[in-house]
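Mind docking chain U on chain C? Use the hints.
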Amino acid sequence: MIKKLTSSLTKLFTPEYVLLWILFLMIVGFSIASPVFRRPDNLMDIVRASATNALMVLGLTWIVATGEIDITFPDIAALASMVTAYGVFNGWSWGVSVLIAILACSLYGLLSGFLVNKFLFRSLIATIGVSVLAKSTAYIIGSGSPIYLLKISPTIQAIVYGKIGGVVPFLMVLVIVLYILASILQNYTKLGQYLYAMGENRKASFEAGIPEKTILYSLFILSAGLASFAGILQLALYSSGQPNFQGSYFVDGLTAVFLGALVIKLGKPNVIGTFIGAIFIIVLSNGLTLLNIPFFYGLIIKGFLMIVGVTVIALTKSQFYASIKTRRLRQVAAAGD
Amino acid sequence: MSKRAKQFNRDWISVIIFLCILVGIMAIFSFLAPQFMTANNLLRALKHLSVTSLAALGLTFVVVVGHSDMSFAFVSCFAGMTMSYFIGIVGWPPVPSIIMGLLGGMIFGFLNGIAVGRFKLPDMIVTIGIGSFAWGLAYLYNKGNYIYTNFLTSGIIKFSDGRLLGIPFPVIYLFSFYIVAYLLLHRTKYGRGFYSVGSNRIAAVFSGIKIERYIIAAFVISCTLASFTNMVMTAAQGNGNVKGGLVLLLPAWAAVFIGISVFKKPTVIGTFLGAFLLSIMQNGFTLLNAPFYIMDLIVGLTLILSIVISRIEFRKKVKEVSPIDTFQAAA
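So the sequences go chain by chain: C and U. Those letters in the first sequence? Residues 1 to 337, per our numbering, in order. Those letters in the second sequence? Residues 1 to 331, per our numbering, in order.
Below, simulated DMTMM-like cross-link-like pairs (lysine to aspartate or glutamate); rule was C-alpha separation at most 25 Å, straight line:
hint, chain 1, residue 1, chain 2, residue 2
1, C, Lys118, C, Glu207
2, U, Lys120, C, Glu16
3, U, Lys243, U, Asp161
4, C, Lys190, C, Glu207
5, U, Lys120, C, Glu200
6, U, Lys120, U, Glu212
In short, the hints are calculated from the structure, not lab data. Because the structure is a prediction, the values reported are computed rather than measured.
Chain C on its own, in the form it takes in the complex (with noise of 0.2 Å):
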């Protein structure tokens, strides 16, 4: 008892769980400086902003996992929020503006998972070129402004607003309960052992007969999906749809799918070291914002712990390199002979 007790005392003290130190750290600390970070409503403030990140973010984990890239979530989070606004302003109802929005947004996936399936694209140029896209779509729709709404369905203020029993962030539930389902599917069923499969050896993975082709058009259909709901809800908070989102969404975002990667798997991205990421990533720029410090040391931190953290990884996996490099040595020293 005693020894199972001390055996996971000493994990919470493994690389793998500094992260959430640093974020443990990070809370008490704002907490005692700033009297206003440890108010309730600064603290649902900081928890709807992390809950809408996490939500961008949830589909570009895995895609990261296969060992592809996507950098297209915030232009189509952008282009959902200006279709749904473009809709609504043009008098269609809420349903089918938001409806049309993410089916727009999944058709970008669907194109970006195109590139990449059929013409082999390398994940990176091909969401380049969608993202691309996605942006000016956004603009035409728009003629290059913004659309401003005089009023937000209600519907969609519950989301961001509402309450459950006037104290949990409905918003929040939501988002734990995604991350709940996708941690479930991600670590008990097969899909999960064959994302990082794909990330390990694309050729072994080939060879395996993983359906490598429909997994990746679903992750890509799935990340636009979850960045355009992500959108329609920014919506609510602009209250206009807005053709570019002004801000740091796309380094936030792979900051907390990077960040994500040193929790709980070691150097593999995973949904609930994403979830850490983003609220981790809010809690800096909150805090920060309230102690009256500049925003931009929140970027030299952040890129900092991402190097840092990166270079952890590096170490503890470096007994992998060191074999493989004494294997070479005696390799050039047995063809010396």
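Relative to chain C, chain U alone:
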């Protein structure tokens, strides 16, 4: 036809198709907008070309060694702000300030190279991390505000507006850098080294090529050229801006990959042609009074279409060879 000649035909057919498309586009523009084919306008297009194409040239080296660099645009913001800081706030003359800026860019390129080449860290994550770090540092100089004091009097504007024998300076930078890069990458053994690191790393190790140094050199070249580009942009705009360099990211990637789709591998000339196509189209659409956001559409469509076309051709070529090659292409 001999086998060699057949190979020659296959390799050049995409180049010929691309040049036809380029000439066709230019013909359409000169038909729609009469002022398109004037010397003044072409010089303006070339000046614009010098901005995207120099960043793309640096990126070409990184792609040649088989890596990706997402940081060059962010690093160029840092370099541009460093230069603006020395000119505007410290009050140095332009040339030493430019050297300080380039040094700043070079240091971040070196860090990228060390992390990717020496420590074998994943390039995408590291370059985004270092990029975000550098961008944050760029804000420190003036708390994110524009720097424009001293700009008019220090003579930095000359670096963008000056002319030599009637040719604007940026056009001269453009051609001199491209010629040097062409000679380096395609006419020396070092160029072969870059390509061998990218195509078969294990073979490169065993033929005694120092892989790390090539990777570091590629990242340093990428960040330094992007920094230089941002200097030219800063000089043209007359102020230092923390977000000025971000516009480089997507067009540079697009130019490199249009080049790859033409020549089937990253080359200096291919990158030039890709950047040239994008610049000409931007210039033409501006003359036609198209709104600014059309440009994104053009970059995206051109990138996707050029690669799709090249892949169709490529797949046919593979089918003729052997089933094993088809498998390798699929994997």
